[in-house]
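Chemist: Read off the chains here:
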Amino acid sequence: VASRTPRIAATLNNLALGSGTIITASSQETSLPVAFLRDPLPTRKWRSKLGWNVVAGYNDKLDFTEAAVARVATITAGNYATGAAYATAVQTAMNAAPGHVNTYTVTYDPSTKAFTITRSAGAAALGLPFQTGANEVLNKGAHRDLGFTDTDLSG
Amino acid sequence: VTQTGSAAYHSREWVRFDFGSAQSATVGIVHAHNMGTTGTANLYFKTADSQAWSSAAAFRVLTGDDLSGKRIAFFASQSYRYAVLELVDTGNTAGYSEFGVPFVGTYWQPGRGFQPGASRAAEPLSVVVRADQGAVYLQRKASPKDHRLTYSGLSRADRDTYQALEDDHRHVFFAKDPTNFPGADTIYGVIQPTSIGEWGPNGDLFAFEVVVFENQG
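Here the protein sequences line up with chains A and B, keeping their order.
The letter at position 70 of the first sequence is residue 70 when you use my numbering, and the numbering goes up by one with no holes.
The letter at position 135 of the second sequence is residue 135 when you use my numbering, and the numbering goes up by one with no holes.
Treat the hints as calculated values from the structure; they're not laboratory data.
Hints are supplied without guarantee of correctness; some may be wrong.
Dumping the calculated SDA-like pairs for lysine to any residue here, alpha-carbon to alpha-carbon at most 20 angstroms [stated by the list, open to error]:
id	chain 1	residue 1	chain 2	residue 2
1	B	Lys-46	A	Lys-113
2	A	Lys-113	B	Ser-6
3	A	Lys-113	B	Thr-38
4	B	Lys-46	B	Ser-21
5	B	Lys-46	A	Val-137
6	B	Lys-145	A	Lys-113
Looking at chain A on its own, in the form it has when it is part of the complex:
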């Protein structure tokens, strides 16, 4: 009879919970910190802060192009508890991107939960290179936090 050979991953060999391991998170609720992960109870959980959490070097960049010229918006790091607040932060970042020529409006529809990026002034063709942008590699740009897929958009 063929037998199955189990694999046992024991706490003894769990580097994540080693006594010398330092655990940090992109964000954490005060009442549910990452320190709870050291408790073996599955119900003692780490939980992120509600909403959008922007961390420098992780999800603070948004690539876009104007007339095929690459621009990079840098979103201010921090917690944005609502979609409206995050939309405002992204809008501010796009309108402060070095070299930008257009003006943009970013909104969050509370009913559809969708973000919309609009060129509100200017004539340079807008491109959103969410697949090929330099900061979107391995999905590390902000586009996924805005609900966009890994696809280049234009027009």
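Dock chain B against the given chain A, drawing on the hints supplied.
Modeler: Using the frame of chain A, we list chain B on its own:
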């Protein structure tokens, strides 16, 4: 010119583990998360904290056949100082990410499989209560499962390793069938100390029953 995305409720999140120095890992697990069957759990390895995400030293998607319970991946040994578990689940209406048990480390696999006849039994914790007037109530409680299986003919080295795990008296992820059912047949719980039988012509083969008590939290 307008572009509109899909519904988004929160950002991607991550938890980073700094081991202090490069350490080997062969398995990653995220257990008791809130992603249901959607979303994605990724495991990144980095050599330095400053290393860009886009150039992480190694990258694995944690998946399996029990997406709502645990995301899991076994892989060839990776040795790095930093590991990061990332949850990509921006469409989750909860508006946040969470999980209860992470695992990044090595697994142990004995030289032989377990014997046919493994069992799974529920501990019936629900209690029937009768009121003074005769009405019957059921106090419903979840039924954690006891999983039993038997090893026979293990080597001395395997026995020693197993005893070390048992003596540690801490939790394990016990993957009964890591090839075919890496998630559904992986039990999170504690192992009961057992008696280890010695047999074989030279006392160099060992047999014992393993009992894993599931921890449902």
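Chemist: Confirm or reject each hint.
Modeler: Here is how each hint holds up against the structure:
{"no.": "1", "hint": "B:Lys-46 with A:Lys-113", "in the structure": "violated, 34 angstroms"}
{"no.": "2", "hint": "A:Lys-113 with B:Ser-6", "in the structure": "holds, 8 angstroms"}
{"no.": "3", "hint": "A:Lys-113 with B:Thr-38", "in the structure": "holds, 18 angstroms"}
{"no.": "4", "hint": "B:Lys-46 with B:Ser-21", "in the structure": "holds, 11 angstroms"}
{"no.": "5", "hint": "B:Lys-46 with A:Val-137", "in the structure": "holds, 16 angstroms"}
{"no.": "6", "hint": "B:Lys-145 with A:Lys-113", "in the structure": "violated, 40 angstroms"}
Violated hints, listed in ascending order, are 1 and 6; each of the other numbered hints is respected by the structure.
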